[in-house]
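Student: Use the sequences and the hints to build the structure in full.
Number of protein chains: 2
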Amino acid sequence: MIPSAQIMDGAPRMSLDAVLSRIDTDLDAALDRLFDLLKIQSISTDPAYKADCAKAADWLVADLAAIGFAAEKRDTPGHPMVVAQHDGPGPHLLFYGHYDVQPVDPLELWHRDPFDPAIEETPDGKVIRARGASDDKGQLMTFIEACRAYMAEAGTLPCKITIFLEGEEESGSPSLVPFMREHADELTADLALICDTSMAAPGLPSIATQLRGMVKDEFTLKGPKMDLHSGLYGGPALNPLREISKIIASFHDETGRVAVEGFYDGVPDLDEELRRQWAEAGFDEGAFLGRIGMSQPHGEDGFTAVEQIWARPTLEINGLWGGYQGAGTKTVIPAEAHCKITCRLVGDQDPAHIRACLRAHVEARLSADAEIVWEKAGDGAPASVMDTSRPEFETARQALSDEWHTEAVFAGMGGSIPIAGLFKTILGMEAMLIGFAKDDDAIHSPNEKYDVASFHKGARSWARILDAMKTV
Amino acid sequence: MIPSAQIMDGAPRMSLDAVLSRIDTDLDAALDRLFDLLKIQSISTDPAYKADCAKAADWLVADLAAIGFAAEKRDTPGHPMVVAQHDGPGPHLLFYGHYDVQPVDPLELWHRDPFDPAIEETPDGKVIRARGASDDKGQLMTFIEACRAYMAEAGTLPCKITIFLEGEEESGSPSLVPFMREHADELTADLALICDTSMAAPGLPSIATQLRGMVKDEFTLKGPKMDLHSGLYGGPALNPLREISKIIASFHDETGRVAVEGFYDGVPDLDEELRRQWAEAGFDEGAFLGRIGMSQPHGEDGFTAVEQIWARPTLEINGLWGGYQGAGTKTVIPAEAHCKITCRLVGDQDPAHIRACLRAHVEARLSADAEIVWEKAGDGAPASVMDTSRPEFETARQALSDEWHTEAVFAGMGGSIPIAGLFKTILGMEAMLIGFAKDDDAIHSPNEKYDVASFHKGARSWARILDAMKTV
Numbered sequence: 001m002i003p004s005a006q007i008m009d010g011a012p013r014m015s016l017d018a019v020l021s022r023i024d025t026d027l028d029a030a031l032d033r034l035f036d037l038l039k040i041q042s043i044s045t046d047p048a049y050k051a052d053c054a055k056a057a058d059w060l061v062a063d064l065a066a067i068g069f070a071a072e073k074r075d076t077p078g079h080p081m082v083v084a085q086h087d088g089p090g091p092h093l094l095f096y097g098h099y100d101v102q103p104v105d106p107l108e109l110w111h112r113d114p115f116d117p118a119i120e121e122t123p124d125g126k127v128i129r130a131r132g133a134s135d136d137k138g139q140l141m142t143f144i145e146a147c148r149a150y151m152a153e154a155g156t157l158p159c160k161i162t163i164f165l166e167g168e169e170e171s172g173s174p175s176l177v178p179f180m181r182e183h184a185d186e187l188t189a190d191l192a193l194i195c196d197t198s199m200a201a202p203g204l205p206s207i208a209t210q211l212r213g214m215v216k217d218e219f220t221l222k223g224p225k226m227d228l229h230s231g232l233y234g235g236p237a238l239n240p241l242r243e244i245s246k247i248i249a250s251f252h253d254e255t256g257r258v259a260v261e262g263f264y265d266g267v268p269d270l271d272e273e274l275r276r277q278w279a280e281a282g283f284d285e286g287a288f289l290g291r292i293g294m295s296q297p298h299g300e301d302g303f304t305a306v307e308q309i310w311a312r313p314t315l316e317i318n319g320l321w322g323g324y325q326g327a328g329t330k331t332v333i334p335a336e337a338h339c340k341i342t343c344r345l346v347g348d349q350d351p352a353h354i355r356a357c358l359r360a361h362v363e364a365r366l367s368a369d370a371e372i373v374w375e376k377a378g379d380g381a382p383a384s385v386m387d388t389s390r391p392e393f394e395t396a397r398q399a400l401s402d403e404w405h406t407e408a409v410f411a412g413m414g415g416s417i418p419i420a421g422l423f424k425t426i427l428g429m430e431a432m433l434i435g436f437a438k439d440d441d442a443i444h445s446p447n448e449k450y451d452v453a454s455f456h457k458g459a460r461s462w463a464r465i466l467d468a469m470k471t472v
Numbered sequence: 001m002i003p004s005a006q007i008m009d010g011a012p013r014m015s016l017d018a019v020l021s022r023i024d025t026d027l028d029a030a031l032d033r034l035f036d037l038l039k040i041q042s043i044s045t046d047p048a049y050k051a052d053c054a055k056a057a058d059w060l061v062a063d064l065a066a067i068g069f070a071a072e073k074r075d076t077p078g079h080p081m082v083v084a085q086h087d088g089p090g091p092h093l094l095f096y097g098h099y100d101v102q103p104v105d106p107l108e109l110w111h112r113d114p115f116d117p118a119i120e121e122t123p124d125g126k127v128i129r130a131r132g133a134s135d136d137k138g139q140l141m142t143f144i145e146a147c148r149a150y151m152a153e154a155g156t157l158p159c160k161i162t163i164f165l166e167g168e169e170e171s172g173s174p175s176l177v178p179f180m181r182e183h184a185d186e187l188t189a190d191l192a193l194i195c196d197t198s199m200a201a202p203g204l205p206s207i208a209t210q211l212r213g214m215v216k217d218e219f220t221l222k223g224p225k226m227d228l229h230s231g232l233y234g235g236p237a238l239n240p241l242r243e244i245s246k247i248i249a250s251f252h253d254e255t256g257r258v259a260v261e262g263f264y265d266g267v268p269d270l271d272e273e274l275r276r277q278w279a280e281a282g283f284d285e286g287a288f289l290g291r292i293g294m295s296q297p298h299g300e301d302g303f304t305a306v307e308q309i310w311a312r313p314t315l316e317i318n319g320l321w322g323g324y325q326g327a328g329t330k331t332v333i334p335a336e337a338h339c340k341i342t343c344r345l346v347g348d349q350d351p352a353h354i355r356a357c358l359r360a361h362v363e364a365r366l367s368a369d370a371e372i373v374w375e376k377a378g379d380g381a382p383a384s385v386m387d388t389s390r391p392e393f394e395t396a397r398q399a400l401s402d403e404w405h406t407e408a409v410f411a412g413m414g415g416s417i418p419i420a421g422l423f424k425t426i427l428g429m430e431a432m433l434i435g436f437a438k439d440d441d442a443i444h445s446p447n448e449k450y451d452v453a454s455f456h457k458g459a460r461s462w463a464r465i466l467d468a469m470k471t472v
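Chains as they are written, first to last, in the UniProt record's numbering: chain A, 1 to 472; chain B, 1 to 472.
Note that these hints are calculated values from the structure, not bench results. Don't take every hint at face value.
DMTMM-like cross-link-like pairs, simulated, lysine to aspartate or glutamate; straight-line CA separation at most 20 Å [claimed, not checked]:
(1) B:LYS225 <-> A:ASP402
(2) A:LYS222 <-> B:ASP124
(3) A:LYS225 <-> B:ASP350
(4) B:LYS222 <-> A:GLU108
(5) B:LYS225 <-> A:ASP105
(6) A:LYS225 <-> B:GLU108
(7) A:LYS225 <-> B:GLU394
(8) A:LYS225 <-> B:ASP105
(9) B:LYS225 <-> A:ASP440
(10) B:LYS225 <-> A:GLU108
(11) B:LYS222 <-> A:ASP105
(12) B:LYS222 <-> A:ASP440
(13) B:LYS225 <-> A:ASP124
Derived coverage of chain B by chain A (criterion: at least 3 residues anywhere in the stretch with Cβ under 8 Å from a Cβ of chain A; other residues may be distant) [claimed, not checked]:
(14) 223-231
(15) 451-463
Positions of the beta carbon are idealized from the N, C-alpha and C atoms, including for glycine.
Tutor: Quick look at the structure:
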């Protein structure tokens, strides 16, 4: 790429304006590139899409190479990694993202093919509609587009940048930890950057400085030897659907608190300063709840909706089923019932301990003749809390404030992004999470979208952040 | 048919022996005929099998005509009826059965094609394996085979017999009541006979003299406007799976009693004489429970398993589902959850009242932001109690005792057979329920079977009963 008028005597602001202008003029081409990536059906949790995941990795390697990165696809036992490097004068930053996406079911609720991206008009502006538009392809491309514009204008990047993209984030990242250990020398930088989060509110950019962790579990509850006729056996036969409902109902008390013994071990009291900051950020709790059809928050009594999402743990049933689901009636007592659970963790809650407490709670409440078969336990991820005293955090916060013309905030995050904790524990790196998604992006749901404004201003935000970073 | 040596001077016992012998020698041919009927996939609850249901009706009309009945298929708004008539000297008896069968799911649990009948050896003897073998095709054919043998030996039947077969019993019998009203003159007899029940225990024949009624209901519980990401919204969002579990868990108390207010209105205390008779019949409760994997009865405290099935009401969850049911994890809070319920009724419990009580109970326990959408209410059926002082009951009981070499009992019935109540209310007819099914027939379940001995001795039992009836 041929750099445009580059001032060689140290006037970084002019280069930044040129980079920002290029992002503006290049927007349509950037959207075309994003659409190409969105068309690839990189569903990681379903083995039927393995080749598509590899195709997405190939696409990113080619695009990064075209920008000027030294980019490679790296095979793993699962889906491949993408690792790309480019030198620069400032600190060494590692950018992480994931190219895999969630499954699309229920497909019949999508207004268009999830893998046929399009720009749609909405009352709140133009959006990119596709699976992965927000989580995470649109987001990761904001950083890559910022790099592309910088390279085009300056012929180089303001910092040394390593790009590290995985393809298993939606399916538990089984290949991630071994890969990070094996390539620690290549991946260890001064700071990790992650673009996989939301803004704290519409028009209010944020850096996520505490993330909830996660632990998952799944069980089958068995009762009778086989499905039974409810006339012949109704009464004496244990009904697994009644039993599983009793057990699930025991997970919470009437104040919204999780009633599993030991669940709150390691849960800190809410920091009063943080509580005050969040209260003053002006979140419109009514609007937030109204968007999802709620009139009040349904978590623990005594906590606001924001506090419940950012600073309190949860036990959630993600799937529950058993018996006859078809049309009409079937007078059956099923032999078994099934339940999928995920818990969001905060503070020092230990995933393995939480799983053990959950299992003990369930086993203690089983009726005679009921049997629980637990799924093989996977890894969990504890909560993450960042060190916001590091100068990069205020630097980035200021850069965001410049782009969005409002004071950016340090926020909590309801979702779990295990990579942030892994960067700390495996590579000793702090992570800064800056994202431009919106609460109504419907990630993990039908009709996912990403605001065009998030894509555009997100790229501009990264350009500002990288420019500001080079002097930290 | 040419009658064999018929004694014209009134020696009925010789004719009966000839009829019984013919049943014995004709058994293989009778099984072939039953197999032909079993191969027809007459699943009434699923519109995809409408033509198969009509085919089953046609088969029965042809077979009854071949025996000598005046037989017709009668169209209805739903599946057709079969009505057949033959004169005879004794009282007018109406035999009822149903040619439709239950759906087969889960298909993968069947050891062979449900509609490819076969004789299989088991530790308890030979069985006929197929959907409908026991419920109800094998059973209804015991009566038809008895008629066939009688016609072959005697050239006539001992009583005037009307055969009335429907094709919607497994799907709520929507066409039944209008048809019975419209053809009341043709269908009204001195007594109805129904072969759709089990023996009280292996080798212990019974006449079911009290049947449980039934009422069904179904609802969708809605919470958030759409499926939600559990990280973004977990805490404040109402989870319909948690809510539905809380509601279902409230349906029973810890003593096994149904906790829905008003549920026990109309439930009589257990008659002490009946309780004593049942206790003395020698039921092996441990063996009964053990066959289905239970170590104790799970109904109301203070009632034996037999009492719970024959004389106590139930509230049963037949289907429960919501959220993600696929492989792996999906961190979703679903927008809705679903529940299918059936209640078995006793005494004077009124189906409409029970449904109203259930709905009021659920609505009173809904959290804010939860919404219930009820399915359109169908008809229910109250419990039935027969008048066992009528002489036909003892006559039939004695005939059964002769065939099975043990004292037959008057028993309760856990299942609901609404036709028995309809015969009383619409046609003013008492009904006698005599069946030869076994508890382990797995009706409504995979791998349904009917003992060859039940089929054989069932036909012989009907021959004895018809012979004994002609002098009542």
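Student: Would you mind confirming whether the straight-line C-alpha gap from LYS225 of chain A to ASP105 of chain B stays at or under 20 Å?
Tutor: holds, 16 Å
Student: Please work out if LYS225 of chain B and ASP440 of chain A have their alpha carbons no farther apart than 20 Å.
Tutor: The hint holds at about 11 Å.
Student: Sort out whether GLU108 of chain A lies within 20 Å of LYS222 of chain B, counting only the CA atoms.
Tutor: Holds. LYS222 of chain B to GLU108 of chain A sits at ~18 Å (cutoff 20 Å).
Student: Assess, step by step, whether the Cα of LYS225 of chain B is no farther than 20 Å from the Cα of ASP124 of chain A, and give holds or violated.
Tutor: At roughly 18 Å apart (the allowed maximum being 20 Å), ASP124 of chain A and LYS225 of chain B satisfy the hint.
Student: Run the distance test for LYS225 of chain A versus GLU108 of chain B: straight-line Cα separation, threshold 20 Å.
Tutor: holds, 16 Å
Student: For LYS225 of chain A and ASP350 of chain B, compute the direct alpha-carbon distance and say whether it is at most 20 Å.
Tutor: violated, 33 Å
Student: Given that the region 223-231 of chain B was listed as covered by chain A, double-check it with a C-beta distance under 8 Å for 3 or more residues.
Tutor: n = 9 at 8 Å, threshold three: holds.
Student: Check the hint pairing LYS222 of chain B with ASP105 of chain A against an upper bound of 20 Å on the C-alpha distance.
Tutor: Satisfied, since the Cα-Cα distance of roughly 18 Å is no more than 20 Å.
Student: Mind checking the alpha carbons of LYS225 of chain A and GLU394 of chain B for me, to see if they're no more than 20 Å apart?
Tutor: Judged against 20 Å, a Cα distance of about 37 Å means the pair is violated.
Student: Is the Cα-Cα distance between LYS222 of chain B and ASP440 of chain A 20 Å or less?
Tutor: holds, 19 Å
Student: Are LYS225 of chain B and GLU108 of chain A close enough, with their CA atoms no more than 20 Å apart?
Tutor: holds, 16 Å
Student: With a cut-off of 8 Å between beta carbons, are at least three residues of the region 451-463 of chain B near chain A?
Tutor: With 0 residues in contact (Cβ-Cβ under 8 Å with chain A), the coverage given for the region 451-463 of chain B is violated.
Of the numbered hints stated above, those contradicted by the structure are hints 1, 2, 3, 7, 15, listed in ascending order.
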